[in-house]
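Chains as they are written, first to last, in numbering that gives the first Met the number 0: chain A, 0 to 103; chain B, 0 to 584.
Hint data in this document are derived by calculation from the structure and do not stem from the laboratory.
Remember, predicted model here, so these are calculated numbers, not experimental data.
Note that the Cβ used here is the ideal one computed from N, Cα and C, for glycine as well.
Quick partial rundown of chain B residues pointing at chain A, CB under 10 Å, derived from the structure:
no., residue
1, Asp110
2, Ile112
3, Thr114
4, Glu116
5, Glu120
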Amino acid sequence: MTDTQKTAGEENGEEWILRLYVAGQTPKSLAAFANLKRICEEHLAGRYKIEVIDLLEHPQLARGDQIFAVPTLVRKLPPPLRKIIGDLSNTEKVLVGLDVQPRK
Amino acid sequence: MHNTEQPRRSARIELPKSPTGIQGLDEITLGGLPEGRTTLVVGRAGSGKTLLGIEFLVHGALDFGEPGVFISFEETPGDLVSNVASLGYDLNDLQERNLLAIDHVEVSRSDIIETGEFDLEGLFIRLGYAIDSIGAKRIVLDTIESLFSGIANTGILRAELRRLFFWLKDRGVTAVVTGESGEATMTRHGLEEYISDCVILLDHRVDDQISTRRLRVVKYRGSVHGTNEYPFLIDEGGFSVLPITSTGLTHAVSSERVSSGVERLDAMLDGEGFYRGSTIMVAGTPGTGKTSFGASFVHAACLRGEKCLYFSFEESPDQIVRNMQSIGIDLASHIESGLLKIHSSRPTMYGLEMHLVMLIKQIRERQPRVVVIDPLTDLIAIGSTKDVKVMLTRLIDYLKTNRITALFTHLVHTRENLAPSDLAVSSLIDTLIYLQDIESAGERNRGLYVLKSRGMEHSNQIREYRITASGIELIDVYVGPAGMFTGTARLVQEAKERAEAEAMDEAIASRQRELERERSIMKARIAVLQNEFASREEELQRMIEAESHRQRMIDADTRAIERLRKADAADNDKQVQVRDAGVER
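Bound conformation, chain A alone:
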């Protein structure tokens, strides 16, 4: 894969909206956020937006995205909706889950 062969999203100038559901500032949620930030910077620099939702503050929002585990990462855009649960420590799995082609 060359530099010109970027992800489909990049070519289309598509915006990624990622929502991370956490429950308080637990080590797991902090780790998840840090991992997500790193992955996005690496693979989706400039094209992503991360919303962090703390369910302790907004419990009513858990229902909308069918959240039962935390942390849960939801890919709101581009469609289809995808969910990854866990602290996102396995980058490869996260990339597969988000359907992001890794940058070489």
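Chain A is fixed; fit chain B onto it per the hints.
What follows is chain B alone, placed relative to chain A:
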């Protein structure tokens, strides 16, 4: 403890319970599910787990002022609402009134990827949010095992489930958790490991194409509970369990009497009829009029203004009404006035137990004073002798406890001997009336006798009865030196006797007439003799008169001669004296 008299006993605190409001279940669990704890309801698909959960919440909300949360892992709220709408529960209304909250937790592995550490805090937050939003006291998780299909990391899942149940206990909500029955373990994923307070097993078995639902309280920590398997019913009124056990032989009895509806039958029963609250069986061979006896009894009860419930397993209500009309029993008017309800169902519709649950449910709803089951035989036919006895004992105990007078009809096939199953049943019966065909001289007649009747002096006589256009009519059978006769033979025998009596009367009359004639002959003879006597007397008189006349003639002649002879005076005086004496005589 201030009471030192009985420190041990007063230290025992009754476990607080949360009533389910489900008919029968609260009786089995002696009050309901353990309050503030978690109850596991286990059953196969379609065994009624979800419904039990819904009823627990609906009754809690409507009857006990405890709002509830339903967390569905399988059905969507829309499906749930429409599924239970047929049972008369309006979940939307309850949600609007903040008595119920439904949350659907969708778990599907296909769109979920796991990576790294996580926990189920999200679920906890959702539960907590739902509970807090309406101040719920009850919660149902149906069925939480779905999480196992959505989460691959069972290590985390199990740890979280354990935490969840502790958390529920901490929140102080009374929880019902449903689980699918597993092969080796009680539930497919071993939920029973986490929930140890109360476990209820629902079972749905099909024997001989007849399904029976049964419920069993497997364990109930800290409380006594009924341990049997109890049949239960799910129908348009929801969930109801038959909790009756055969332990209760403590019902109060009544010495009040009720009429059987057949006047002369009452006369055979000590002159007053059945005891109120007793159990009566009318057993008979086919075509002996068992239904007519049942209808007469109901008719009499309705005329007394008592509510009646008539269960028919052979005829439809209309058919019974029509047939009884033909013997002068107007059941239609009682149905119209609301006193009588005829409930017809086919015996093959459910198993024996389900029938009894149905019977008891109906009785409970209607609270009748008189119940007729016509015939009991059909129920007996669908169970084994043992089952029948157990279930009938439950039914009869229930009826007796509620002081309901019950009349069962029972079809017997053999004329002389009762079958073993009949005997098993008959020991539960207080008054057993036996209807019998009596065949003789080319015709069939009906005879009735009271085989037994507990607690009263009853007639030992066989009565013939006829079903006429004006009801059942009992007649004395002819019992005489020539044997027992019924029907036409009785009439013939009676006519024969009448003829004999008439002949005897005739004989006496003719002897009387003969005597009368003899008397008149005798009188005639007397008259003849008297006449003869009188004529002889007359003759004698005439002779006397003739003689005296002759004497006078002689005297006259003598005087004439004397005058001629010129006799002296002295002689003359003598002559006069003689003449006077003759006149005097």
